[in-house]
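Participant: Listed below are the residues making up each chain.
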Amino acid sequence: MAIRHGLLALLDEGPAYGYQLKAAFEERTGGTWPLNIGQVYTTLARAERDGLVAQLDVAADGRVVYEITDAGRHEVARWFASPVRRDAPARDELTIKLAVAVTAPGVDVKALVQTQRSETMRTLQALTRLKIDAADRPDPESDTAWHLVLERLIFDAEAEARWLDHVEARLLRAAASTTSDRTPAPDGTDRANQGSAR
Amino acid sequence: MTAPVLELDDVTRIHGSGATAVHALRGVSLTVAAGELVAVMGPSGSGKSTLLNVAGGLDTVSAGAVRVEGTDLASLSRAALAAVRRRSAGYVFQDLNLIPTLTAVENVALPLELDGRRRVRSYALAALEEVGVADLADRYPDEMSGGQQQRVAIARALVGERRLVLADEPTGALDSETGEAVLALLRRRVDQGCAGVLVTHESRHAAWADRVVYLRDGCIVDSTAYDVSPGSLETVR
Ligand SMILES: Nc1ncnc2c1ncn2[C@@H]1O[C@H](COP(=O)(O)OP(=O)(O)O)[C@@H](O)[C@H]1O
Ligand SMILES: [Mg+2]
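Sequence lines, in order, name chains A and B. Count the first sequence with our numbering and you get residues 907 to 1104, in order. Count the second sequence with our numbering and you get residues 819 to 1055, in order.
Note that these hints are calculated values from the structure, not bench results. Mixed in with the good hints there might be a few duds.
Stated by the list, open to error - Okay, derived cross-link-like pairs now, SDA-like style, lysine to any residue, Cα gap no bigger than 25 Å in a straight line:
{"#": "1", "chain 1": "A", "residue 1": "K1016", "chain 2": "B", "residue 2": "T830"}
{"#": "2", "chain 1": "A", "residue 1": "K1016", "chain 2": "B", "residue 2": "D1040"}
{"#": "3", "chain 1": "A", "residue 1": "K1037", "chain 2": "B", "residue 2": "T830"}
{"#": "4", "chain 1": "A", "residue 1": "K1016", "chain 2": "A", "residue 2": "E1074"}
{"#": "5", "chain 1": "A", "residue 1": "K1037", "chain 2": "B", "residue 2": "A851"}
{"#": "6", "chain 1": "A", "residue 1": "K1016", "chain 2": "A", "residue 2": "E999"}
Use the sequences and the hints to build the structure in full.
Facilitator: Below is the structure:
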């Protein structure tokens, strides 16, 4: 419902055309989630059906200006006041891949983890570069929303990297405990200790 | 092309000998050019501090070579090596290492003074200014917060014409805001032409680097370059 509520919140600031809403949505979220215009019109049509917005005016060229209704305003206020629920975990390809990999025969899970870690780090590097660029702009105030979005993505990527470290440490511990009765680590180092430390 | 500022060439470092020998580094090769910041990540005991120590001439290699601005550190006399440490390579230690009986400005001026330079106070003040703590010049370390001490330690590593900055977990004890400020400082210095190596276990901090290398059991197992253009952000998530 993020798009519907995001658009409603924008309409709460004043009437607008679909195109204006699309542009405003993208600008306010830093262009991270581009909308297609069809999506915007479908969302507005459903919101109109539900009594949350109404057509204020139709321009000569057929473009419709929408305004928010009292019910719509109420809905926006409710949205801002309630937490976002996380009850159904998103289907995440990486989680599924790793869960399958640890039990699948012949998969080099350590390599998989490292490949992913580098990829996640590249994402973090790109995001950090964007953040540095944003901080260099003359008017950082107007970029607060963009900054917030970026930092959210940075925290997400960081969490993924930490999870990968955790997975690797667990795998090393498991490997150490299955081989330790037979042979000492070939280099004489304490592998279990290295794996568990951060 | 000029020589890279730092070159580790197939470096091995073994601590101790015989049954208790620890291979802290095994055949590590790494090149850092001027204007480049490289982050080193890895679990505790993977050899990160050893890598920085040999890079800064604080520790010697068992095999392989370390070159700073083209000079093989093993070819240098003790005195010449000490001069490299004062002039070319700046080091930010894991535990700050400010001298408690010296003020901030005296701490920063120390490497220059040891080097027999003159007008050291003005250089030291300029370095403190650069890291934003010029007003604390006459305070002692125990009169400063952790973040302020860290800035002073960085000023000491940057003072003079250092071309290479080596930082071992410089954000370790700092809150996230202060940690970011320290990284911004390192980043700026590198963008001005230094070469930098940053050891950290926090990926959000490593992400400030141009390249991230991963150490495991003394070996580099992988590295990333900054090659993602901002335009591709939509495809990342
Ligand atoms: N002076 C030393 N004597 C003996 N072993 C050492 C010495 N310094 C480091 N080591 C060992 O070398 C390995 C790498 O250590 P270090 O470079 O400090 O790792 P990190 O900084 O990644 O935690 C570890 O196993 C450590 O115990
Ligand atoms: Mg260390």
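Participant: Hint by hint, note whether the structure agrees.
Facilitator: Hints and how they fare:
Annotation: proposed proximity of K1016 of chain A to T830 of chain B holds, straight-line Cα distance about 24 Å (limit 25 Å). Proposed proximity of K1016 of chain A and D1040 of chain B is supported: the alpha carbons are some 12 Å apart, at most 25 Å. Between K1037 of chain A and T830 of chain B the alpha-carbon distance is near 37 Å, which puts this suggested pair outside the 25 Å criterion. Taken as a hint, the K1016 of chain A and E1074 of chain A pair is honoured in the structure, with Cα atoms around 7 Å apart against an allowance of 25 Å.
Our distance criterion of 25 Å between C-alpha atoms is met by K1037 of chain A and A851 of chain B, whose separation comes to about 24 Å. A threshold of 25 Å between alpha carbons decides the hint, and for K1016 of chain A with E999 of chain A the separation of about 17 Å falls inside it, so the pair holds.
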